[in-house]
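There are 2 protein chains.
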Amino acid sequence: MASIATVAAETGTAVRLAAGADEVDRSTVVGMVGGGQLARMSQPAAIGLGITLRVLAERADDCAAQVVPGTMVGAHTDLTALSAFAQGCDVLTFDHEHVPAGHLDVLERSGHTIRPGRAALVHAQDKAVMRERLAAIGVPGPVSRVVRDARDASAFAEEVGWPLVLKTPRGGYDGKGVRVVEDERGTADAFDRATGVLLAEVYVEFTRELAVLVARSPLGQAVAYPVVETVQVDRVCHEVLAPAPALDARTAVAAQHAALSVAHQLGVTGVLAVEMFQTADGFFVNELAMRPHNSGHWTIEGAVTSQFEQHLRAVLDLPLGSPRLVAPAAVMVNVLGGRRADLGTGLGHVLARDPELHVHLYGKVVRPGRKVGHVTLLGDDAGDLRERACEAAAYLQGDSDA
Amino acid sequence: MASIATVAAETGTAVRLAAGADEVDRSTVVGMVGGGQLARMSQPAAIGLGITLRVLAERADDCAAQVVPGTMVGAHTDLTALSAFAQGCDVLTFDHEHVPAGHLDVLERSGHTIRPGRAALVHAQDKAVMRERLAAIGVPGPVSRVVRDARDASAFAEEVGWPLVLKTPRGGYDGKGVRVVEDERGTADAFDRATGVLLAEVYVEFTRELAVLVARSPLGQAVAYPVVETVQVDRVCHEVLAPAPALDARTAVAAQHAALSVAHQLGVTGVLAVEMFQTADGFFVNELAMRPHNSGHWTIEGAVTSQFEQHLRAVLDLPLGSPRLVAPAAVMVNVLGGRRADLGTGLGHVLARDPELHVHLYGKVVRPGRKVGHVTLLGDDAGDLRERACEAAAYLQGDSDA
Chain A
5 MASIATVAAE
15 TGTAVRLAAG
25 ADEVDRSTVV
35 GMVGGGQLAR
45 MSQPAAIGLG
55 ITLRVLAERA
65 DDCAAQVVPG
75 TMVGAHTDLT
85 ALSAFAQGCD
95 VLTFDHEHVP
105 AGHLDVLERS
115 GHTIRPGRAA
125 LVHAQDKAVM
135 RERLAAIGVP
145 GPVSRVVRDA
155 RDASAFAEEV
165 GWPLVLKTPR
175 GGYDGKGVRV
185 VEDERGTADA
195 FDRATGVLLA
205 EVYVEFTREL
215 AVLVARSPLG
225 QAVAYPVVET
235 VQVDRVCHEV
245 LAPAPALDAR
255 TAVAAQHAAL
265 SVAHQLGVTG
275 VLAVEMFQTA
285 DGFFVNELAM
295 RPHNSGHWTI
305 EGAVTSQFEQ
315 HLRAVLDLPL
325 GSPRLVAPAA
335 VMVNVLGGRR
345 ADLGTGLGHV
355 LARDPELHVH
365 LYGKVVRPGR
375 KVGHVTLLGD
385 DAGDLRERAC
395 EAAAYLQGDS
405 DA
Chain B
5 MASIATVAAE
15 TGTAVRLAAG
25 ADEVDRSTVV
35 GMVGGGQLAR
45 MSQPAAIGLG
55 ITLRVLAERA
65 DDCAAQVVPG
75 TMVGAHTDLT
85 ALSAFAQGCD
95 VLTFDHEHVP
105 AGHLDVLERS
115 GHTIRPGRAA
125 LVHAQDKAVM
135 RERLAAIGVP
145 GPVSRVVRDA
155 RDASAFAEEV
165 GWPLVLKTPR
175 GGYDGKGVRV
185 VEDERGTADA
195 FDRATGVLLA
205 EVYVEFTREL
215 AVLVARSPLG
225 QAVAYPVVET
235 VQVDRVCHEV
245 LAPAPALDAR
255 TAVAAQHAAL
265 SVAHQLGVTG
275 VLAVEMFQTA
285 DGFFVNELAM
295 RPHNSGHWTI
305 EGAVTSQFEQ
315 HLRAVLDLPL
325 GSPRLVAPAA
335 VMVNVLGGRR
345 ADLGTGLGHV
355 LARDPELHVH
365 LYGKVVRPGR
375 KVGHVTLLGD
385 DAGDLRERAC
395 EAAAYLQGDS
405 DA
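First to last, the sequence lines map onto chains A and B.
Residues in the first sequence are numbered from 5 upward in steps of one, following my numbering.
Residues in the second sequence are numbered from 5 upward in steps of one, following my numbering.
It is worth saying that the hints were derived from the structure and are not from the lab.
Hints are not guaranteed to be accurate.
To be verified - Which residues of chain A face chain B? A partial, calculated answer using Cβ under 7 angstroms:
1. 142
2. 322
3. 326
4. 360
We put the CB at the ideal spot given by N, CA and C, even for glycine.
Bound-form chain A, shown alone:
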């Protein structure tokens, strides 16, 4: 356990790191672009630290807008809205990675502090840029190539073998924009649906999915949370098990080092989630997200410092907190839109059934498969926690009577 939950300081001692942060005062405003559940769950962390959180949300009833005073309504693609929002903020950060790079350029050139910055963020926005960069810095990943058309893709497959994984370089999330193709027909079909180039990757057999959450401050302090296992259902994250059960310490430390190295080499500030595939002889990196991430929701109760507080500290260049697990195991299960339209009606049952259960509902309208909440349990036995958390999530969704 202790060896997994390491704190890595890239530079200097903790006390030295404090100096740069002493300017932060209680009127400090962190502006988050995007009004989803990540912004919503950042509000408790901001409340604790005495920091003012502001949100730019697309709609006045977005789930963060419900709980953050003074939310500004505007699109993240609207430079005028972004500029107006940035005026009132000491630091600008993100609930998602969809702000156009050109807009980020303009904001940075106007003197706004953006964390993570445009130069780092592009690696979470564009999978082709990410692949090239990770290959250059020696982080394990599949052989990949940007392909312009079906013929290009087939030529790549002849070199590396079928099947291929074809990805939309920009704009995908939760497995959207990703498909596995077995042959030329599949490739042709993928390009029929595509609107530009695709990123082709060798398909690598993997045994399970892992994720490493790290945080890095502008001064270069960094911490890594324990490696977790993520269980996807229909390509949407369903369960997160912390720490990843039965992961050997060598692989765990190597995965943490890889994630810290990515954060350092790419100059990430804030939280970085590195999604990985575990293989027979190690792991490789699948995706990057530069913001609090679904694979880190367990940290709200399960780690000394939650990913939401850690992100705020990091973007403000405050010293980072301990990523240590506070129990032997934590399990998080997403609540997805199911048969129950009003999640609150299931709350009484699941809370009565399990007094240890932590419930997080996002205030979203229920739509099939949409992430509308999550539950977390801490304890000794990951198998037991997983069973109880899955039961609670299914009941909240309306997909179980148990």
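Since the structure of chain A is provided, determine the placement of chain B on it from the hints.
Just chain B now, with coordinates in the frame of chain A:
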């Protein structure tokens, strides 16, 4: 440990308790009268449960108003404001106990749901009523009498002996309105400053102060948190040690039972804090508060279910959560107004010095001795935690360079 952190269900099983709570849906609104730090710290709990918190604050910049959208500005003594606020709320509850009883009567008769209700709340509003009631139900307390003037008080002292503790029955807090008098001159002086009757109590020697936090739902489910030791400085709560160090299990369980009994007998709904004095042969009750309480701030990180979430669950008649400590010990130290006007300037130092530290700043203007924040640490060794937490609080206040 396990014997201290008990869950007491007064009625039925957990599953039975669920039925009554199934009506709660995501649009449920809890209105809290008062915009102080207790309302502020209730917002993270409301966010998690998907419940809408609304606040009636005296000023638009009160510390809860900073973090709760749609805060209404108005005085808790203004019946028109209270009535307007109550209109939009499913349940009304409180950040303090200063709403006039007559106003509560009107609101209840108008059909508003108030928890705790007026009949219970009077025991937290009026120390004389509380003393009489606790004596009637057999909860340990000092012999007491309402005294009309100095002669009345002296007559009482002749029966029970000097010194006396003289208290303003209504409106005092943090030891304000309480004085110990040694003789007739002191009594006369107390009445010179008083505006009405006083409550006179026998002065009882005590070894330390304890507090028990319980929560009770309208259906009668109740839980008790571990007994804590509270350390007062100048009659203001300074430190809370959970669980109370070296408290024998018999006294701990008796104290929890007394607190649960008070909650049950008085019909409290929500959180009840029972402040106690430990004596050579037991304990007696000093004060009651029917709301989240300073002695329970450690539960935010230190208990499975925080007092703030517990209070929301209880007033909504949702099943209660586990009050179990998540670590062997938790220590909370208040940050009081000191030499530093801007608390944020000390944040970098204390976070760098102690990566395990939890900081809560309330967004209040610093005034000498005012409660402006608190820090919490969890771990194995209460002595070590206490030293570190006191150092951090002193530094944040500006009263230490260490």
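Now for the hints, and whether the structure bears them out:
1. 142: At about 30 angstroms, which exceeds the 7 angstroms cut-off, the nearest Cβ of chain B leaves the hint on residue 142/A violated.
2. 322: Holds: closest Cβ of chain B sits about 6 angstroms from residue 322/A, inside 7 angstroms.
3. 326: 4 angstroms, holds
4. 360: Cβ of residue 360/A sits 5 angstroms from chain B, so the hint holds.
When the structure is compared with the earlier hints, a violation turns up for hint 1 alone.
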